[in-house]
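Chains as they are written, first to last, in the working numbering: chain A, 1 to 233; chain B, 1001 to 1100.
Read the hints as simulated data drawn from the structure, not as lab findings.
Model, not experiment: these values are computed from the prediction.
Some hints could be false.
[Stated by the list, open to error] Once the Cα atoms are required to be at most 25 Å apart in a straight line, the calculated PhoX-like pairs of lysine-lysine come out as:
#, chain 1, residue 1, chain 2, residue 2
1, B, K1065, B, K1014
2, A, K99, A, K189
3, A, K189, A, K101
4, A, K99, B, K1014
5, A, K192, A, K99
6, A, K99, B, K1065
7, A, K101, B, K1014
8, A, K192, A, K101
9, A, K230, A, K128
[Claimed, not checked] Facing chain A, a subset of chain B residues (Cβ under 7 Å, in silico):
#, residue
10, T1027
11, A1046
12, V1057
13, T1072
14, L1086
15, S1090
Glycine included, C-beta positions come from ideal geometry on N, C-alpha and C.
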Amino acid sequence: MSDSPGAVETQKPELLHHFSSAEQQRDASTFGMWLFLATEIMFFGGMFCAYLIYRYWYYNEFAAGSRSINIWLGTINTAVLICSSLTVALGVRAAQMGKRKLLVTLLLITMVFGVAFLGIKGVEWYQKFEEHHIPGNSFNVDDIIHDYPQIHIDPQHEQIFFSLYFAMTGLHALHMVIGLGIFTFLTYKAWKGVYSPSYYTPVEVGGLYWHFVDIVWIYLFPLLYLIDRKPLR
Amino acid sequence: MSEHIKSEHVMSSKMYYGIWAALMCLTVVTAAVSFVDLGPLNTIVALVIATFKALLVVLFFMHVKYTSEKMTKAVIVSAIFWLFILLALSLADYTTRLLS
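Model the full assembly from the supplied sequences, consistent with the hints where possible.
Okay, structure coming up:
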């Protein structure tokens, strides 16, 4: 503690030469991640914009399509992602306090939640596949039209809803897969003992990515699953 | 100036469990409320709950409330503002067109 700042910093191999302190390096990395997340908001934003326009035009088809998606699987998946965000937050905390084994354990639990999310998503997509609700040549929504005779449903417009459903949940699932890759890397490095209370930036930055993907799902859940669940008159 | 590396604010684990509990409750609430007929309010309630959940994640799980880097907040606000421009100007066009 009585060393001069320069002497302290030279002992830190993770400090790159173009940063004057570890704190500056950490702030720069975190800030860079936030800039990336800003571009991600615009990336997903294009899809949310398409969703908004078509939902405004073809509300009946969107409402009926939304009813046909399994709300239980959607709710459970939301809970699974929230649990994974908790384990990420606790993992970053473990890294801040230098608890290596706890950090590795929490990162592994996070990945279990991530895989569970993708598994449940797969079950959901498989149901849609069996119901012929996947856009394409064998797309058929006669069952939905039959279930809601009081609503006028155009199959072409219904196809647009399901195209957006698969594109949005698919892009989100792709982000989950990338997140699992990042967390595999973090777990390996954490196991090696790379992270310490003075250097845990990759865990923090990887955590920011995971939380962002969680937030995207927090919006996708009501926009895709809960459009119109109220009793039909 | 013999300061060692200034470490980030370490939040208590109780705080994290509290945020998690709030997020889980709001998930159940938003799913349950969707079955109640509130007219056009259904969508608004769902989006308000989602935004509140997102806010909890950003402020606490993503440490924005305690960050030492002030530019982070500026990036978040501008990103949301750009998204607002995209959505608002697109809707200003599409909601005022006549479908032939």
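Can you list which hints this structure breaks, lowest number first?
none
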